[in-house]
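Participant: Construct the complete structure from the given sequences, taking the supplied hints into account.
Line order of the protein sequences matches chains A and B.
Per my numbering, the very first residue in the first sequence carries number 5; after that it's consecutive.
Per my numbering, the very first residue in the second sequence carries number 242; after that it's consecutive.
Don't take every hint at face value.
Claimed, not checked - Quick list of in silico lysine-lysine cross-link-like pairs, DSSO-like style, CA-CA up to 30 Å:
1. A:96 x B:397
2. A:284 x B:375
3. B:257 x B:352
If you are wondering where the hints come from, they were derived from the structure by calculation, not from laboratory data.
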Amino acid sequence: MAKHAFFLGCIMPLRYPGIESSTREVMKSLGVELVDMQGASCCPAPGVMRSFDQQYWMAVAARNLAIAEKMGMDIVTICNGCFDTLFEVAHKLNHDPDLRKKINKILKDATGMEYNGTVKVRHFVELLYRDVGLEAIKSKVKGGKSLKAAVHYGCHFLKPSNIKKIDDAERPHIFDDIVEAAGMTSVVYKDKGTCCGAGGGVRARTPDVALKMTADNLKNMTSAGVEVIVDCCPFCHLQYDAGQVQLKEYKIPVLHLSQLLGLAFGLEKEKLGLEVHQVKVAL
Amino acid sequence: MVLAEAKEPNPEFTRKVVEAGGKTVNLCFQCGTCTGSCPSGRQTAFRVRKVVRRAQLGFEEDVLPSDDLWLCTTCYTCYERCPRGVEIVDIIMALRNMAVRKGYIADAHKKVAQLISKTGHLVSLRDEDKALRKKLGLQETPPTVFAHADALEQVKKIAQACGFDKLVETGGK
Ligand code: SF4
Ligand code: SF4
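Facilitator: Below you can see the structure in the form of structure tokens.
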């Protein structure tokens with residue numbers, strides 16, 4: 005399989021590095037080669053940074069895209085936020101020549117680089133589903149406990165669906181299929197697909213409001229008898245993990261898909277970095 | 242019967258919203274599907290339909306200083322469901338950018354913005370993070386701007402070129 009430029013972002017490498025080590029191991033065992041993007045920065049975050057200044061947001065994102073372009077590789081990310089920024093900015097620059105010119109001028113003056121529109125931005129869930137395939141994933145699964153999983157897609161993996169065109173935004177299935185291929189049962193719960201509450205700068209500015217949204221989701225997951233939450237975004241991951249500790253009522257372990265696959269593939273537990281999770285993971 | 246004095250629409254402001262990325266704002270026919278879909282509106286008095294209406298009528302003073310503008314998580318549920326194809330999140334982003342330029346930015350947000358302006362990341366690299374990374378067999382310092390001073394300089398130059406560094410230091414005022 006083609007080599008991919010691995011975009012790290014901020015929360016994964018700095019707060020949940022176990023997601024990074026799991027992703028590296030899992031992708032290696034599935035034959036996807038990840039190459040580091042030397043000197044990449046924050047994507048920048050699509051809610052909070054885009055809210056302040058869209059020109060800056062696009063120019064910094066274009067720099068990250070240009071790094072991958074120089075490597076001659078498509079980007080893969082395991083974070084919905086990074087995916088949204090890089091995908092949307094690439095889309096905007098590809099479809100609006102005037103905008104691309106304007107952003108490239110800033111980029112060239114600051115970095116000497118330009119972005120020429122040749123990089124595809126991939127979310128690893130979509131890459132696993134489309135390029136690797138469920139059968140290849142199943143063939144790596146060593147067994148282990150089958151748990152009732154709440155699959156949390158988050159918002160920016162599939163939406164806005166008019167440009168992302170990955171799966172039905174209201175009734176998606178690809179992430180559930182992968183979780184089931186790993187031996188879990190993906191359960192239906194009320195209002196599945198609702199935002200974790202953290203995005204758009206809400207967690208930073210009004211954490212109590214964010215937490216109320218998280219609490220509603222946790223209540224619905226609990227009513228459905230969920231034993232594990234599986235996410236595909238370190239920010240949702242942080243919101244569910246830290247949020248449960250703040251709320252005190254819940255203690256459902258939270259796993260990023262990379263960690264769930266790591267467990268299912270029988271990787272050494274030490275490689276998964278589960279000890280930094282605030283809700284204890286004993287699976 | 243005497244009606245309360247109605248505010249005059251301000252098409253000039255609406256035009257600015259359109260130019261800043263809210264090009265679909267005039268398509269809204271106020272059905273309220275967006276508000277009915279909004280997870281944040283379930284918890285608060287934030288009504289996204291009203292934000293779109295105010296933008297449409299050009300009620301700048303009602304919309305830019307308001308806290309409502311910052312209660313959207315950008316979850317895109319309203320955007321997906323709007324029967325008129327109003328790109329609601331793009332409108333909110335355009336309004337937020339204008340609000341920040343007027344100095345309406347919360348301290349918590351200023352801090353986040355200053356962090357990226359200085360370090361190129363939104364999250365800090367602490368000793369304990371390095372230790373854990375090492376334990377997991379990862380490079381202690383991620384191979385990002387943290388490990389490349391010249392790359393960080395480039396990101397800082399972009400901030401200067403866009404006036405972003407000043408914007409977040411002074412809050413735009
Ligand atoms: S759903 Fe669309 S048309 Fe209906 S009120 Fe909201 S923005 Fe307007
Ligand atoms: S994108 Fe914002 S306004 Fe729209 S439903 Fe989500 S939180 Fe509400």
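Participant: Under the criterion that the straight-line Cα-Cα distance not exceed 30 Å, is the pair residue 284 of chain A, residue 375 of chain B satisfied?
Facilitator: 22 Å, holds
Participant: Between residue 257 of chain B and residue 352 of chain B, is the straight-line Cα distance small enough, at 30 Å or below?
Facilitator: It holds: about 28 Å lies between the C-alpha atoms, which stays within 30 Å.
Participant: Could you grab the alpha-carbon distance between residue 96 of chain A and residue 397 of chain B and see if it respects the 30 Å cut-off?
Facilitator: With Cα atoms ~23 Å apart, residue 96 of chain A and residue 397 of chain B stay inside 30 Å; holds.
Consistency with the previously given hints is maintained throughout, with no hint failing.
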